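Asker: Chain A is already provided as a structure; the job is to place chain U on it using the hints.
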Amino acid sequence: GAGVSQSPRYKVAKRGQDVALRCDPISGHVSLFWYQQALGQGPEFLTYFQNEAQLDKSGLPSDRFFAERPEGSVSTLKIQRTQQEDSAVYLCASSPVLRGLETQYFGPGTRLLVL
Amino acid sequence: QKEVEQDPGPLSVPEGAIVSLNCTYSNSAFQYFMWYRQYSRKGPELLMYTYSSGNKEDGRFTAQVDKSSKYISLFIRDSQPSDSATYLCAMSLSGGGADGLTFGKGTHLIIQP
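Going down the list, the protein sequences come from chains A and U. Each step along the first sequence adds one to the number in my numbering, with nothing skipped, and position 31 is 193. Each step along the second sequence adds one to the number in my numbering, with nothing skipped, and position 55 is 124.
FYI, nobody ran anything at the bench for these hints, they're computed from the structure. You may find that some hints are simply not true.
As the list claims (entries may be wrong) - Straight line, CA to CA, 20 Å or less: simulated SDA-like cross-link-like pairs of lysine to any residue:
1. U:K174 to A:K240
2. U:K71 to A:E206
3. U:K111 to A:G202
4. A:K173 to A:P258
5. A:K240 to A:V276
6. U:K174 to A:G221
Unchecked claim - Here are some chain U residues pointing at chain A (derived, C-beta under 8 Å):
7. P77
8. L115
9. L170
10. G173
11. K174
12. G175
Being a predicted model, the structure only gives us computed values, none of them experimental. Even glycine gets a Cβ: it sits at the ideal position worked out from N, Cα and C.
So that you can see chain A by itself, here it is in the shape it has in the complex (with noise of 0.2 Å):
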């Protein structure tokens, strides 16, 4: 079946320009988790999803972030005034489980490139 979905799969933005990444986990999934990958690095957590709650942003980097999940399916990270540090992977996963992160699946990614 189909599996995390992120778009767009690349972006290059200004620095200073507004960007939306996108996130469909899979159906029915009432679990979702946005994080930031460095170059090098491990994944850091950035904020979590219970249906359309947020009930956990205490990885948002600064408040130029912002994600949203107004239907519970579909999520949208919006990072305003983009700053060269913002270049990173960001991923999304999903989880059937309430608080399931033993069975999270990720999705490929977006690659943000600030310049």
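Answerer: Chain U alone, transformed into the frame defined by chain A:
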């Protein structure tokens, strides 16, 4: 010091060898431990999941957790060239989603044919 330490490698071994990968961590409250495999330009794929201390085996893979030493390991037997990837350890405070996963940096593994 990061919460989870992992040698980034690269680690290069001949085909058929036993591979040992490991992580250390500083937060004794971690209870759930996982190993992910990540191929280039792909998302991480869950390999093994362990709760608390102990061993878990799945085919050619064995995961070990030693909470007293804050040390976890992944062993790969009869390694294959297709095992070449980056291996990420990950852990969490609880099985819940409230804290996400804390990952190591990843070890780049190369299996030489």
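Asker: Among all the numbered hints in the text so far, which are the ones the structure does not match?
Answerer: 1, 4
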